[in-house]
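Number of protein chains: 2
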Amino acid sequence: MARAWHLKSRPEGLPTSDNFELREVELPPPGEGSIRVRNLWLSVDPYMRGRMRDVKSYVPPFQVGDPMDGGAIGEVVESNADDFVPGDLVQHMAGWRDEAVVSARTANKLPDLGVPPERFLGVLGVTGITAYFGLLDAARAKEGDILFVSAAAGAVGSTVVQIAKAKGMTVIASAGGPEKCDFVRALGADQVIDYKAAPILKSLAAAAPDGIDVYFDNVGGDHLDAALAVARNNARFAICGMIESYNKAEPTALRFIMRIIAARIALKGFIVFDYFPRMAEFYAEMGPWVASGTVKSRETIVDGLEKAPDAFLGLFEGANTGKMLVRL
Amino acid sequence: MARAWHLKSRPEGLPTSDNFELREVELPPPGEGSIRVRNLWLSVDPYMRGRMRDVKSYVPPFQVGDPMDGGAIGEVVESNADDFVPGDLVQHMAGWRDEAVVSARTANKLPDLGVPPERFLGVLGVTGITAYFGLLDAARAKEGDILFVSAAAGAVGSTVVQIAKAKGMTVIASAGGPEKCDFVRALGADQVIDYKAAPILKSLAAAAPDGIDVYFDNVGGDHLDAALAVARNNARFAICGMIESYNKAEPTALRFIMRIIAARIALKGFIVFDYFPRMAEFYAEMGPWVASGTVKSRETIVDGLEKAPDAFLGLFEGANTGKMLVRL
Numbered sequence: 000m001a002r003a004w005h006l007k008s009r010p011e012g013l014p015t016s017d018n019f020e021l022r023e024v025e026l027p028p029p030g031e032g033s034i035r036v037r038n039l040w041l042s043v044d045p046y047m048r049g050r051m052r053d054v055k056s057y058v059p060p061f062q063v064g065d066p067m068d069g070g071a072i073g074e075v076v077e078s079n080a081d082d083f084v085p086g087d088l089v090q091h092m093a094g095w096r097d098e099a100v101v102s103a104r105t106a107n108k109l110p111d112l113g114v115p116p117e118r119f120l121g122v123l124g125v126t127g128i129t130a131y132f133g134l135l136d137a138a139r140a141k142e143g144d145i146l147f148v149s150a151a152a153g154a155v156g157s158t159v160v161q162i163a164k165a166k167g168m169t170v171i172a173s174a175g176g177p178e179k180c181d182f183v184r185a186l187g188a189d190q191v192i193d194y195k196a197a198p199i200l201k202s203l204a205a206a207a208p209d210g211i212d213v214y215f216d217n218v219g220g221d222h223l224d225a226a227l228a229v230a231r232n233n234a235r236f237a238i239c240g241m242i243e244s245y246n247k248a249e250p251t252a253l254r255f256i257m258r259i260i261a262a263r264i265a266l267k268g269f270i271v272f273d274y275f276p277r278m279a280e281f282y283a284e285m286g287p288w289v290a291s292g293t294v295k296s297r298e299t300i301v302d303g304l305e306k307a308p309d310a311f312l313g314l315f316e317g318a319n320t321g322k323m324l325v326r327l
Numbered sequence: 000m001a002r003a004w005h006l007k008s009r010p011e012g013l014p015t016s017d018n019f020e021l022r023e024v025e026l027p028p029p030g031e032g033s034i035r036v037r038n039l040w041l042s043v044d045p046y047m048r049g050r051m052r053d054v055k056s057y058v059p060p061f062q063v064g065d066p067m068d069g070g071a072i073g074e075v076v077e078s079n080a081d082d083f084v085p086g087d088l089v090q091h092m093a094g095w096r097d098e099a100v101v102s103a104r105t106a107n108k109l110p111d112l113g114v115p116p117e118r119f120l121g122v123l124g125v126t127g128i129t130a131y132f133g134l135l136d137a138a139r140a141k142e143g144d145i146l147f148v149s150a151a152a153g154a155v156g157s158t159v160v161q162i163a164k165a166k167g168m169t170v171i172a173s174a175g176g177p178e179k180c181d182f183v184r185a186l187g188a189d190q191v192i193d194y195k196a197a198p199i200l201k202s203l204a205a206a207a208p209d210g211i212d213v214y215f216d217n218v219g220g221d222h223l224d225a226a227l228a229v230a231r232n233n234a235r236f237a238i239c240g241m242i243e244s245y246n247k248a249e250p251t252a253l254r255f256i257m258r259i260i261a262a263r264i265a266l267k268g269f270i271v272f273d274y275f276p277r278m279a280e281f282y283a284e285m286g287p288w289v290a291s292g293t294v295k296s297r298e299t300i301v302d303g304l305e306k307a308p309d310a311f312l313g314l315f316e317g318a319n320t321g322k323m324l325v326r327l
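Residue numbers (numbering that gives the first Met the number 0), protein chains in the order written: chain A, 0 to 327; chain B, 0 to 327.
Hints listed in this document are in silico derivations from the structure and should not be mistaken for laboratory results. Accuracy of the hints is not assured; some may be wrong.
[What the hints assert, rightly or not] Here are a few chain B residues that sit away from chain A, every Cβ distance over 10 Å (derived from the structure): (1) R22; (2) E249; (3) M257; (4) R258; (5) A261.
[What the hints assert, rightly or not] DEER-style ranges, computed between Cβ atoms: (6) A:A318 / B:F315: 48 to 58 Å; (7) B:G187 / A:F275: 36 to 46 Å; (8) A:A204 / B:K201: 32 to 42 Å; (9) B:T105 / A:V54: 33 to 43 Å; (10) A:V84 / B:E280: 55 to 65 Å; (11) B:Y282 / A:A204: 39 to 49 Å; (12) B:D209 / A:G64: 50 to 60 Å; (13) B:P10 / A:S8: 52 to 62 Å; (14) A:N232 / B:V84: 12 to 22 Å; (15) B:D189 / A:V58: 43 to 53 Å; (16) B:P10 / A:K201: 49 to 59 Å.
Given the structure is predicted, the values throughout are model-derived calculations rather than measurements. Even for Gly, the Cβ is constructed at its ideal location relative to N, Cα and C.
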């Protein structure tokens with residue numbers, strides 16, 4: 000029997016362990032085109048909180064009574080699909096469980112990039128794809144640009160900092176508190192702003208006396224407004240996240256939005272899924288960076304399927320540094 | 000003696016007639032390479048409000064005590080420059096006055112497109128260039144797109160409506176009051192919203208049940224927020240003006256800015272001057288449209304140099320339908 004975490008009830012406010020239930024499930028034999036996978040690594044991510052709500056978004060909600068899912072790395076143990084054999088390591092979306100039968104079309108064999116498999120849930124997974132294409136495609140950042148990136152101690156932000164340095168940009172990064180700022184500085188950022196120490200506009204204007212060419216936005220609100228204030232002509236903004244606004248009812252107040260016109264600023268929102276067809280391009284450049292340590296990743300590992308909800312809940316208590324993973 | 004409007008003081012909030020002073024000025028004889036021009040038509044434009052502030056922008060600010068300037072059409076009355084003879088009609092930037100001596104390099108002889116000269120301050124001038132390149136280049140609008148354009152009874156907006164229809168788009172347009180809405184409807188807009196009759200978000204959602212592909216923003220504020228709310232995936236916004244914010248001290252409050260991410264919206268600010276090198280392209284397509292009546296221009300004409308400030312102030316009270324001009 001396999002075991003899978005099910006959504007027992009929808010949380011109000013912060014989720015608790017009562018919202019989850021671990022149940023045994025009987026797996027069917029893999030039909031034509033399917034594979035049976037034993038999971039090795041599970042991903043737990045903040046966006047899953049949104050899926051616990053019953054609202055339409057770009058990812059469908061979890062259903063009460065149904066198994067949950069999410070990114071996972073597993074080993075094929077039985078195959079009824081061409082091109083897959085037992086022993087293959089695959090990335091797929093049937094996480095939150097120890098074994099699963101999935102359509103081979105929804106599983107990707109891990110390319111041989113000489114890195115540990117769990118990297119494909121982090122810097123070589125959704126986190127890395129978000130950072131890489133957000134910076135280089137949505138914002139069209141290039142060598143010599145002055146980049147500002149917010150939430151730079153987070154999973155995406157810290158990857159953006161390292162890619163930008165590898166590409167020859169000047170990096171101004173913001174994070175909250177001295178410890179996170181030290182971490183970002185160690186990643187190679189040229190200037191680090193502690194946004195908790197002073198108003199972000201004042202700090203950014205001081206850190207970027209010549210303005211910025213690119214802003215990678217993970218925060219929105221005052222950070223976005225400050226970036227608008229100091230943007231140079233033809234600046235490009237990649238809008239990746241607005242965590243400052245997620246739990247606020249008030250509208251976002253922008254004092255400098257009119258600078259979009261005078262400075263000919265381009266703002267571009269993007270969703271990581273849109274870049275999945277360009278994975279080959281991503282692996283070709285990021286693979287060697289990760290293998291060589293040019294782009295480092297930090298992980299917090301929790302052991303055992305039983306602990307998956309604890310790992311997830313820990314995300315909201317700051318229990319992780321870098322990517323939170325569950326090892327089976 | 001010539002007469003020229005001078006900036007007497009900088010406005011706080013809405014400008015008033017007290018900010019302007021009409022003074023006599025003695026013109027020098029035109030030196031080598033210069034021409035003396037008697038103005039026939041003066042342009043007054045919302046962007047001039049920005050020039051009354053003492054802040055760095057893409058156009059230098061007017062200086063207190065100095066004559067103001069802006070687009071004008073005049074007739075050469077004395078020439079000390081090659082290729083210019085008395086009687087030539089020219090477009091130049093020494094507006095806000097009845098006569099001026101200008102360098103011939105800053106004056107353009109009107110091309111022979113078979114249209115009245117004042118058109119070169121409107122649909123064939125900065126207004127038309129703004130509408131044409133803002134729509135087709137900054138917003139990359141194309142046949143089949145659903146377009147929303149605000150301030151559609153204004154000079155730029157009314158031109159956008161007509162270009163969009165000539166290009167095969169569905170046009171949803173907003174204007175203030177029944178009279179302006181009738182005007183916009185007569186230009187060919189498929190749906191016209193009276194933004195004074197109901198909240199713009201509610202009206203736009205009803206007028207665009209399938210959302211919008213393109214927003215041409217002349218207003219900012221609530222109009223921009225409503226456009227964000229109803230934007231389809233990969234929508235493109237050309238940010239041309241934000242007249243709602245020009246005289247306001249409060250920041251712009253946006254309730255739907257997070258939709259930039261989920262809908263992958265691209266916002267692009269632009270300045271008409273950047274497109275001046277592409278005038279040939281513009282004349283080639285717009286010239287025949289204007290001459291044939293495919294793109295009509297409506298003007299609000301105020302007579303007499305003395306009335307130039309009134310004409311300008313009227314822009315902020317919605318006194319104009321179409322391009323506001325001063326006829327001397």
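(request) Starting from the range 55 to 65 Å, see whether the pair V84 (chain A) and E280 (chain B) falls in it by beta-carbon distance. (result) The hint (55 to 65 Å, Cβ to Cβ) holds, given that V84 (chain A) and E280 (chain B) are roughly 59 Å apart.
(message) Using Cβ atoms and 10 Å as the threshold, tell me whether R22 (chain B) really stays out of contact range of chain A.
(response) holds, 30 Å
(message) Taking the Cβ atom of D209 (chain B) and the Cβ atom of G64 (chain A), is their distance within the range 50 to 60 Å?
(response) violated, 35 Å
(message) Tell me if the beta carbons of D189 (chain B) and V58 (chain A) are separated by a distance inside 43 to 53 Å.
(response) For D189 (chain B) and V58 (chain A) the Cβ distance comes to about 35 Å; the hint is violated.
(message) At 10 Å, judged by beta carbons, does R258 (chain B) keep clear of chain A as stated?
(response) It is violated; R258 (chain B) is separated from chain A by about 8 Å at its closest Cβ, not greater than 10 Å.
(request) State, for the Cβ atoms of A318 (chain A) and F315 (chain B), whether the hinted interval 48 to 58 Å holds or is violated. (result) Holds: the Cβ-Cβ distance is about 55 Å, inside 48 to 58 Å.
(request) Look at the Cβ atoms of G187 (chain B) and F275 (chain A) and judge whether their distance stays inside 36 to 46 Å. (result) holds, 41 Å
(request) Given the hint of 52 to 62 Å, check if P10 (chain B) and S8 (chain A) actually sit that far apart at their C-beta atoms. (result) Between P10 (chain B) and S8 (chain A), where Cβ atoms are some 59 Å apart, the hint holds.
(request) Could you see if the CB distance from T105 (chain B) to V54 (chain A) stays within 33 to 43 Å? (result) Roughly 58 Å apart at Cβ, these two residues miss the hinted range, so it is violated.
(message) Given the hint of 39 to 49 Å, is the C-beta distance from Y282 (chain B) to A204 (chain A) inside that range or not?
(response) holds, 42 Å
(request) Say whether it holds or is violated: A261 (chain B) keeps its Cβ farther than 10 Å from all Cβ of chain A. (result) Since the minimum Cβ distance to chain A is about 6 Å, A261 (chain B) lies within 10 Å and the statement is violated.
(message) Please verify that the nearest CB of chain A lies beyond 10 Å from E249 (chain B)'s CB.
(response) It is violated; E249 (chain B) is separated from chain A by about 8 Å at its closest Cβ, not greater than 10 Å.
In summary, the numbered hints that this structure violates are 2, 3, 4, 5, 9, 12, 14, 15, 16.
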